[in-house]
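S.K.: Single-letter residue listing:
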Amino acid sequence: MARRKSPGFTSAAFAAPKVPDYVVAELRYDSQVVISGARGRFEAAPAAESTARALNEILASFRVKRVAPHFGLSERKLAARASALGARARPTADFAQSGVVQIVPRDPKDAARIAARLKRAKAVWNAYVAPRPVPAVATGASVASRNFEPAQGYLHSAPNGIGAMDVWSLPGGKGRGISVCDIEGNWNYTHEDLPSGIPLLGGTLIASPGWKDHGTAVLGEIVSRPGVSGTVGIAHEARAMTHSAVVGGVFNTAAAIMGAVARLGAGDVILIELQATGPNGKYVAMQYWDDVFSAIKAATAKGITVVEAAGNGDENFELPVFAGTGLQKDSGAIVVGAGIPPTNFFDADGFGAALPGYSKIGVPRSRIWFSNHGRIVNVQGWGWHVTTCGYGDAQGGAENRWYTHRFSGTSSASPIVTGAVAVLQGIAKAKHGAPLTPAKVRSILMRTGTPQAAGPGVPLSQRIGPLPDLVKAVKLV
Amino acid sequence: MARPRRTPPPGFAHATAPEHLAPVVAAVLAPGWRIAAARGVFERAGAGRLDVAGDLPAGSRVAYTVPALARADPATLGEPERELARHVQIVLPRGADPRAALRRVRRWACVERAQLAPRPALP
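For the protein sequence lines, the chains are L and G, in the order given.
Going by my numbering, the first residue of the first sequence is number 1, and it counts up by one from there.
Going by my numbering, the first residue of the second sequence is number 1001, and it counts up by one from there.
Looking at chain L on its own, in the form it has when it is part of the complex (with noise of 0.2 Å):
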């Protein structure tokens, strides 16, 4: 028997098992082909034949052994998918594991080049040649997590992301000489993809699991680590501080706000995490309270930029019960909605039964459903998908090595914008050797962001303001 060495981490060579390599390639649910196990072929109804031939076509350019369901289902199972094409109804496990299919060339070596002509057909989702796996090895600590960057797409080019990847070279575009301080109520400071040595300036934590995954969703979102495994921060140059609205024993963010204040200077960030329920039985955003209102003003008098969720009450901030409160009057802060994401679509296992699976949630930048809306909502960001730290749903495992892929609502926004800000800041600092002030950063990141979208139900005048878009923003600073 063969034998060869690991291409990765393994204590002993092993032995290669006598399987040919093949091809796996995935229909997309919308391609109207199917497999014959028995006939070895793709067929499709009259409308899509050529799209089947097109697939066929492919096959017969190489010396083909075998063309079968990946899954082995039976030919009756494999012909319904026919039937449930089209149904718009939520895929069974059926459904989606009749369109794999497995290709074994007669030459192993056909495998990478079937593969990839297969990629480019428009009927395929995704073709690859198959691993060949080797038994885990029990190696603890040692084998590093998975690296989550690639689905962080809010990092990547406008109209997507923020752009903050494109502005990552420039100095200080990492938000170095910044410091952001995310108030709310707990974090694990113990994640691996964190910062060592984050502080609690004040307050006292809530022991909780869900307000403890919250903020290492949010401190994930701006400062965790680079490197090959995790997630990696907008602004990971910058020095993340923390901030329990606990204060005294009891919720006070006006204090805790001043309490940042005391330790934060011109340029650096204040991020308010919180939402509460305003007159109407809706959530609201923070400065609806005349003390965290004033709390806010006197954060950016001193050149500090506050960055508070707009909340996730789907409430309308122009209403007459407003009138002449925190909602309606300019704190000085940033205020972020949250907008949807080009993911677009939910998940099964997605916020409850309540929800439809894989249905599709609206169009990319328009204003989410539960999002809070009005004229003193500034900016957006993505209000679901996030990939960061916590929760564990990408990653289980210690929960020190926990990742998400789903933190949402203005709270995952918020930070997107938060980190901005700092990439922002960082720059200017690193430029001017001083900062811009707070009107000036939120007025670049308003009059540069990629444009608000509208979509049914989602009207423009639900203003929740554009994305930021870091590679225009970065050119008036």
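Take the hints with a grain of salt, since some may be wrong.
One side only, chain L facing chain G, incomplete, derived with CB under 10 Å [claimed, not checked]:
id	residue
1	A207
2	G215
3	M258
4	F370
5	G396
Some residues of chain L that are not near chain G, with every Cβ distance over 12 Å (derived) [claimed, not checked]:
id	residue
6	Y22
7	R39
8	A44
9	A45
10	A80
11	G177
12	I198
13	S229
14	E273
15	K282
16	K297
17	A434
18	S461
19	R463
For the record, the hints were derived by calculation from the structure and aren't laboratory data.
All C-beta atoms, glycine included, are put in the ideal place defined by N, C-alpha and C.
With the hints as your guide, set chain G onto chain L.
M.R.: Here is chain G on its own, set in the frame of chain L:
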């Protein structure tokens, strides 16, 4: 038997406020008033004192929202800080009805305005 009326949820939250934290009424003192050293007493130079201890449930306490600002020389504070220095918290014992307390607080001569303090949730 009538069904209890259901309040619609206020929106989407990742976590809500812990139940064990005490309810609070947030108030702004009228100009010139401040918290006196004696428990449950407010005072104003030249205008005497107002004892509210009997008007609150046993175990209540009154404190400045940001004590450091209340102690500071007003001349060293900016306008928003001077405004914030007038804010006080009336912290009620667990289980007390904050709405009833709010009604009473709004009648105090030393209070310019008052509202229920927020119980934050995570957005």
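S.K.: May I ask which of the numbered hints given earlier this structure violates, with the numbers listed in increasing order?
M.R.: Violated: hints 5, 14, 15 and 16.
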